[in-house]
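> Since the structure of chain A is already known, use the hints to place chain B on it.
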Amino acid sequence: MSLKIKQDHARFRDIVRGRIKQNLKKYVQKGEMLGKKGKDFVTIPVPTIDIPHFRFGERSQGGVGQGEGEPGDPLSPQEADGSGKAGQGEGQHILEVDVSLDELADILGEELALPRIEPRGKDRIVATRLKYTGISPSGPESLRHFKRTYKQALKRQIASGSYNWRRPVIVPYREDRRYRTWKQVPIPETNAVVIYMMDVSGSMGDEQKEIVRIESFWIDTWLRRHYKGLETRYVIHDAVAREVDRQTFFHTRESGGTMISSAYKLALEMIESDYPSSSWNVYPFHFSDGDNWSADDTRLCVELLSEKILPAVNLFAYGQVESPYGSGQFIKDLKEAIGARENVALSEIADKDAIYASIKTFLGSGR
Amino acid sequence: MDPKHTQLPARLHDIRKRIEGHARAYGLDFFDTVFEVLKFDEINMVAAYGGFPNRYPHWRFGMEYERLSKGYEYGLSKIYEMVINNDPSYAYLLESNADVDQKLVMAHVFGHVDFFKNNFMFRHTNRKMMDQMANHATRVRRYQDKLGVEMVEDFIDRCLSLENLIDYQAPYVKRRADRSARDEEPERKMAVGFKTEREYMREYINPAAFLEAQQKRLDAEAAKKKKLPERPERDVLLFLLENAPLERWEHDVLSIVREEAYYLAPQGQTKIMNEGWATYWHSKIMTEKALDASEIIDYADHHSGTLATSPGQLNPYKLGVELWRDVEDRWNKGRFGKEYDECDSFVQRRNWDKKLGLGRQKIFEVRKHYNDVTFIDEFLTLEFAVDQKLFTFGYDEKHQRWEIRDREFRKVKEKLLQMLTNFGQPVIAVEDGNHENRGELLLAHRHEGVDLKLDYARDTLRNLHSLWRRPVNLVTRVEGRGMLFHFDGKEHSERRADL
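Respectively, the protein sequence lines represent chains A and B. Numbering of the first sequence is given in the working numbering, commencing with residue 1 and proceeding in unit increments. Numbering of the second sequence is given in the working numbering, commencing with residue 1001 and proceeding in unit increments.
Hints are computed from structural coordinates only; laboratory data are not their basis. From the three backbone atoms N, C-alpha and C, an ideal C-beta is built for every residue, glycine too. Possibly wrong hints are sitting among the right ones.
Some but not every residue of chain A turned toward chain B, in silico, with C-beta under 8 Å [said to hold, decoys possible]:
#, residue
1, Ile49
2, Gly63
3, Gly67
4, Asp176
5, Tyr179
6, Trp182
7, Ser255
8, Gly257
Computed list of lysine-lysine pairs in DSSO-like fashion (alpha-carbon distance at most 30 Å, straight line) [to be verified]:
#, chain 1, residue 1, chain 2, residue 2
9, B, Lys1128, A, Lys4
10, B, Lys1128, A, Lys6
11, A, Lys30, B, Lys1128
12, B, Lys1146, A, Lys25
13, B, Lys1128, A, Lys21
14, A, Lys26, B, Lys1128
15, B, Lys1490, A, Lys4
16, A, Lys4, B, Lys1070
17, A, Lys26, B, Lys1490
18, A, Lys6, B, Lys1070
19, B, Lys1070, A, Lys228
20, B, Lys1039, A, Lys4
The following block holds chain A by itself, in its conformation from the complex (with noise of 0.2 Å):
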């Protein structure tokens, strides 16, 4: 029996698909409604799909039911699910739904209609790959194929009529040896890292933290469709930079003063040592409230940007998130400076609402 119902599930699976992207601006504001699953696999809530008819309200209904209590006793834990038990309403449930990165991915793209990332210098990126190809009579006796070999001295000894069917001793001799043989084939390699930078001086409170949370998250998932080896590295900063793992950069706050030189500094540094721009994509995405220590270091982040950083990434791409304290001059002298320049994405994230427009500013570039 074929499984005719792979028709139907497909089917369905559109129609989440499809509900999915009708809330998408509910999912991309609130991070906790995805729950995330493994590694490729997201889970999302779904409000159930259903076929309305004309039925009661459960409320107005009530029912039967059998055990303990005493009326007045509250009915717990209360099952919503009734799968066609008499008359047992099913409530409202919520469906969830296992999709992949790469689908919602796909869905992100579509529904901001985000351009496909060309990655850059396609053709110079290239990494060799060995693989086993085929079989050669000559080789090294680390990589001889037993089977073949096997069967190479069987059909000689057969041919030559010194095979004895009662006695089957198959003994290879030099000439049958086989063994396997490699090719070396180029596979362009589309290298990326996300160097995410975030100032985590006084000003920036857990709101704002998990706005950038929230952004990270669906940046990451975009990248990843286009980039099979996505890499990722944290940097905060106050006064000075340092780099950090995911976790401590989420929760780490400090409360010193702010030079966002410094994390340009580190994130320069890890660009010119570890992703040389011929073989890799490099993202940098710095988050602040706009507040800089002085004008003078202002200057040096924009030298730095439009001389070092630029021209060896792909995109550089800055999120002002709003903050009571913060002046959000920064992303102002940036558009003076350098926002002419097409690998410079600038968006100003007031809420969590505006995350969803923002997402389309950073990733509409198709850069």
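Just chain B now, kept in the frame of chain A:
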């Protein structure tokens, strides 16, 4: 050996022969039953299709499949029994189940098939439904090929939204006169007054005012006859088929949905009896005949799983099997009739035993002539309700939670019957197909104490509109007040109104 059965592995075939022998020996009378052994993804598929290997394509089967496969992956559910009301009947066994489970399933299945074959509710059902469903599938597929998947599926969604608007009693009564009698357009009846031989007396016996009144009454009667429908039509789907401006393929799809709804309805209307009956017999066959000593623990485990109860739900297996046993016991001991009913000594009643031994005979009779409503109405006794700890529950607005309401026998039974009446669906009928003389459709909900779920009702009206293609109306009661819900194709509106 019947060639149809050769597909069972020899081991299962032997088990089947044994169980079938026991079942027949107990007097069960069932159609020939074909068991198919399926792998878990196949059985999930068949289950998603409601037991039929061939259904028309629709996403909701895919949704069901996803739910079932997940349940299996997480080890939450292993479908134990699935059987189709068909001749021959088809039932499915999960390949990976242990022998003791297969025995249990087979015994259970024979119980169901006996019920399908003998219960009066199933008499009108198509016993070649397996083929019919496959035909439906072919027809719908053909429309999809011609018109596009989305368009057809969309229309099916709408039809399904109305699928409970059928007349659940219709197969068992004759609701309306045959077609030919209805079609003639009657002439206008003229008032003639009382007969009189004497011409000169006519004006005295039949004064003008009297004749006029009589004429008015006759005209009103004629108008009523002309009204569409003459009487409120409970089979809303039929009314739509006959009167809505549907395209031919739409007409066909709607009639498919209607036919399947009528086929499936009796299974919903006898859920408690049917599951109870099958459970009664599997437990009887297993414990008295078929179990090996080594299988007892597994059997007990799975059997008790089937009968588990949780406070918020009635388990039809549990309620059903207990009721069947109670009926058998009462008729064995003679605990029925005038003498028993009038006995008011508690001790005497408890120990009542006339050793009549009529139990077996009685339950076979009951399985033939009752459905859930009449079964509960007649056999659910006070003692039973107390023993089974039945109660009613309701939603408490103050505490924002569901609460146990009452353990009073009369109320429990009333609620239970109310939940089962009309298949637990609201009674809704077409009142007028030319409402306000504007070709609008008017449905009326016969309110019996429970309000409709209003957001669903509005969505359903929208779907109804897409079939009727003129504004649609529904009269119901909300919190004790008559309300008319109106959808004109663009907007919903509502106003106070009584029918």
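> All the hints need checking, so say for each whether the structure fits it.
Hint by hint, here is what the structure shows:
no.: 1; hint: Ile49; in the structure: 7 Å, holds
no.: 2; hint: Gly63; in the structure: 6 Å, holds
no.: 3; hint: Gly67; in the structure: 5 Å, holds
no.: 4; hint: Asp176; in the structure: 44 Å, violated
no.: 5; hint: Tyr179; in the structure: 42 Å, violated
no.: 6; hint: Trp182; in the structure: 39 Å, violated
no.: 7; hint: Ser255; in the structure: 44 Å, violated
no.: 8; hint: Gly257; in the structure: 50 Å, violated
no.: 9; hint: Lys1128(B) / Lys4(A); in the structure: 21 Å, holds
no.: 10; hint: Lys1128(B) / Lys6(A); in the structure: 26 Å, holds
no.: 11; hint: Lys30(A) / Lys1128(B); in the structure: 52 Å, violated
no.: 12; hint: Lys1146(B) / Lys25(A); in the structure: 36 Å, violated
no.: 13; hint: Lys1128(B) / Lys21(A); in the structure: 43 Å, violated
no.: 14; hint: Lys26(A) / Lys1128(B); in the structure: 49 Å, violated
no.: 15; hint: Lys1490(B) / Lys4(A); in the structure: 38 Å, violated
no.: 16; hint: Lys4(A) / Lys1070(B); in the structure: 18 Å, holds
no.: 17; hint: Lys26(A) / Lys1490(B); in the structure: 27 Å, holds
no.: 18; hint: Lys6(A) / Lys1070(B); in the structure: 15 Å, holds
no.: 19; hint: Lys1070(B) / Lys228(A); in the structure: 29 Å, holds
no.: 20; hint: Lys1039(B) / Lys4(A); in the structure: 14 Å, holds
This entry does not satisfy hints 4, 5, 6, 7, 8, 11, 12, 13, 14, 15, going by the numbered hints stated previously.
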